[in-house]
Every structure is written in structure tokens, then in C-alpha cells.
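Taken in order, these protein sequences are the chains called A and B.
Using my numbering, read the first sequence as starting at 1 and increasing by one per residue.
Using my numbering, read the second sequence as starting at 1 and increasing by one per residue.
Heads up, none of these hints are tricks.
The calculated lysine-lysine pairs, modelled on DSBU-like cross-linking and capped at a C-alpha distance of 30 Å, are:
#, chain 1, residue 1, chain 2, residue 2
1, A, K138, A, K149
2, A, K204, A, K115
3, A, K138, A, K208
4, A, K138, B, K7
5, A, K149, A, K52
6, A, K115, A, K208
7, B, K131, B, K142
8, A, K204, A, K52
9, A, K156, B, K7
10, A, K115, B, K7
11, A, K149, B, K7
12, A, K204, A, K149
Because the hints were derived from the structure by calculation, they are not lab data.
Here is how the chains run, residue by residue.
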Amino acid sequence: MSQSSVKPPAHAPNPEVPPVSEADDAIVALRDVTKTYVSGSKALIDLNLEIKRGDFLFITGPSGSGKSTLLKLLYGEERATAGRVLVDGFNVCELRGDRLSELRRRIGIVFQDYKLIPRRTVAENIAFVLWAQGFDRKEIERRLPPALKMVGLPHKANSFPEELSGGEQQRVSIARAIVNTPPILLADEPTGNLDADNSWQVIKILRKLNAIGITVIVTTHDEALIRQSNHSVVQLCNGRLYSPKRYNQPKAN
Amino acid sequence: MLLSLTKTNYLLRETLLGLRRGGWMNWAAISTVAVLLFLFGISLQSSWQLEGLLNRFGSQLEVSVYLDTGIQARELKPLVERFPDVSEVSVVSKEEAWANLVSDLGLSEISGATHQLEGNPLVDELKVKAKSSQVVPGLAEKLAKLSGVDEVQYVDEAVQRVAELNRGIRWVSFVIVMVLTLTAIAVITTTIRLIVLARRREIEVMQLVGATTSWIYLPFLLQGVVFGLAGAAIAWILLLSLQQFFRHLLAQQPEFVQLLTSGLQLSLLRTILLAGILLGFGSLVGVMGSLFAVRKITLKS
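Can you make the complete structure from the sequences, with help from the hints?
As C-alpha cells, this is what we get:
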């Protein structure tokens, strides 16, 4: 592994010394978070992380290091065994039922396997989110074209997912994630199934979204991509978080 | 207002989509409900019809009290009227009874007949109407104990038997309806669960993008209601055709049979009530079935 070119930009938070104050501009904060699965395996150990509003953060690490678990803690799919997870003012660990739904409406999620619905067209797949959240038809029609344009697929609106390439499918899933304009976008290995060109296209779209103020958190094990995109990075290894300075020599304990 | 329109739009669309996905399983659910409601309807109808027949036996709620010779019915009447289970008392004097009998027998001259028998052979009679068929035997017993009463008669058996038949039918149909209700709920649960499974990707995505639980599962509940209502409609049509069939059959019978069975016809009000009950029962079964289906899945997530 050689990631010498990774340099956190000046505006990025320094994960080396995670601030413990509940700063107003922190949109995501993890405090002493530990996640142990029922089987006893420790996915995350004593994690501290703060992400400011408008940041673009890569979370990297080998598979099984806990990247997906970390994201799942943020949108409430998994619950921390210990510690606190704060997302956009919500204490995720305490959320149940409709409050959890409320949080999830403020988070767009992009998955490695896209999770598109096979028997619905691209437009329907994107509109599906808005239907699910109770938007009316007029609003849905208003929001669809900009979302499709953002990912460069207005001409594929009436295609079915299986007619699209992997890269296009992933772009549809990004459009779906941002169509309700959430302040946070989580992308779990969005480029995991894509070639270099498509991966770069996806990252470009994510950067565009970041530029309009959306906080973007991306997990990936694609080191080249991280180098290329020049954003702040934290590394997970065996459930522990490493700062960029130690990034080149992760110490497994 | 706008939100409720959106909701209706969404719910109808998703419910229809679910029904389309259900395919032939829809028919399994609907036909089970239809069979259940058809049998339920028949038992309800026959119970109503037997009640109607019992009411036609209204005259047989009557207890005939024959008095000892020489006792005047008019004297005894106020006493009998004070019995709590009595709704009406009328007097038939022996003269009236004799006149009726003589004319029934076709004798032309009443005095001749009287003379031949050396006087009116009959006694005074009280016709006592009971408030309900259940109290008839008890009332008859009490009346028999009155002084001056010779004999008490009532059509106990016929009334009793019809009432027993009615009770029997109610029990049997209750058991059958219970078993079929459980079956229908099980079939609807299975159907809806299959549809939920077929759409689990969509449901997963909906959960991840923050759709509320009720928003996700309301279409499935509505689907259950559709099964119930469709089953009820089919059952009601079957019941109406069955009625029609019997009506035709009866029309060809002698007048005597028609007269006997005229109590079996349902009034318009009853026919509408029957439809209402079937629709209500059907949607209840549908909602129960789909609730079981989504409850299991909600618990998992």
C-alpha cells in the first residue's frame, strides 16, 4: 500500500485529534463508539469521529474492517453497543419507529449493489423514494428532471435497470439518494463493482453534490481513487480508526 | 387535503400493484373468503327464516284453557291477565264454541243438534297468549293449577322442536364458520406474505429512505380488505341466486306448500342487512389476515 499522496485539504477536520466539543457545525459525531455483534466479534472499538457540515470524507480500510458497520450505525441499521452516535441533531441510538424514518429522510444512501427495483423504470425508481416519503405527484415531477440531469441520465428515464450498465445503475442510485435533497449522503463502496472510468465518474458526481453543500461520506478500498480525488481520509483497521498521518502504516493490533 | 389526496393516490396505486403481483394467489384468498361467507350467509339466512317460521307459529304461543262445567270464563279472565308471562287473554264462551263447531260440521240447525245431544256439551274456554315460546310450558302448568280449570292444551312440541332445530343449526354453523374463518385468515396471511416477500427489495429500500411503517404496510392491509370485500360480493351474489332458485322451485308447488314456506322469504331490509354483514365480516377477516402477515415481517426488521 502506498498512499503517500493522500493529504487532507485545509478545510477538512483532523481526525488525529477528534474534538470532543459538540460543535454546531458537526453534522456527524461518534463518541467512544463500540459495536459488538451478537456473535461476539468486535466490529468497531472506541471510535471517535467528527464530521463537519459540508465535508467530503473517505473511510477506507480492508474488507471486514468495519466500514459498512460504521455507515450502518449512522443510518440506524445497526445500533452501537456503547457510546453515542449523533447525526444531524439526532441521537441515533435512541431512535425508534417513525423518528428513525425521520432521520433516514435526511440521509441519502448509495449502495455497492445499487438496490434498484428491477421492475420499475429509472424514473420510477427515483420517484419511488419521494412516493415513499409522501411527496405529491406535482412535487415528484418537479424534482425528477434535475436529479436525472445531475447524474447525466435524462435520456434513460424510461429504461429499466437491467438495460443499464453498472456505472449507469450506480448513477441512478445516486440520483435516488439525493432526489429528496438530504443534507448528508452516505456511499457504501459506491465504486466497488465499477471500472476505473465509471468509478471516477461517480466520484465526480459526488464531488459536485458536495460542492452544493451536501456532506458526503464515502467508504472505499480503492486507494487510487482516494489519491486521485484529494479529500480527507480516515482509515479503519480491525475496528479501530486511524488518522491520515498513520495511514501509510496501519497497525493491526 | 393535498396530503390526503397524495395518500389516496399512493395507497390505491400500491394496492393495485400488489394485487397484480399476487396473480392467482389472489383467487385462492378471495375464493376461500367467498366460501366462508357463503356458508355463513346460508346459516344466518336459515336462522332468520326459522325465526320467521316460529313467528308464524305465533298462534301456537297460545295456551287453550278449558274450564270445568259451569265455570264462567269471564270470571276467570281478570285473574289470568295478571300472570306476568301473559300478553293477551280472550274468552271463548261455550255458546260461541258450539256455534262454530256446528257450522264447521255443516249442520244447518243449531237447536236441533243441541237437542239431540241434550244440551251444549262444550265448556267455556280461555285463549291465553304467552309472551314468548320459552315460557309456554311453565305458564300452562300454572294455569292448570287454577281452580275451575279442567284441562290445559298448548302446541308445545312443534314450537320446541323448531326452536331446538334453530339452536342446533346455530351451533353447527358457529363451529363451521369459526373453522372457515381461521382457514380464510391463514390463506390471506400466506397470500399477503408471498406478496410481501416478492416485494421485499422495495420494502427494504422504502425502510432505508425513511418511509414510515404504516406507509409501507397500509397497502398490504388494504389488499386484505379487497380480498374480504371481493369474497363478500361473490358470496352475496351466490346467496341471491340460491334464493332466486328456490323461489322458482316453490312457484311450481301447490298453493298449500307456498303458504307454508312464505315465512322463508327474506324481506328487502334483511337482504340488504345480509349484504352489509357479509361485507363487514369479509373485510374484518381480510384485515386480520393481512395484519398477521405484516406483523411477522415488521417484527423481523
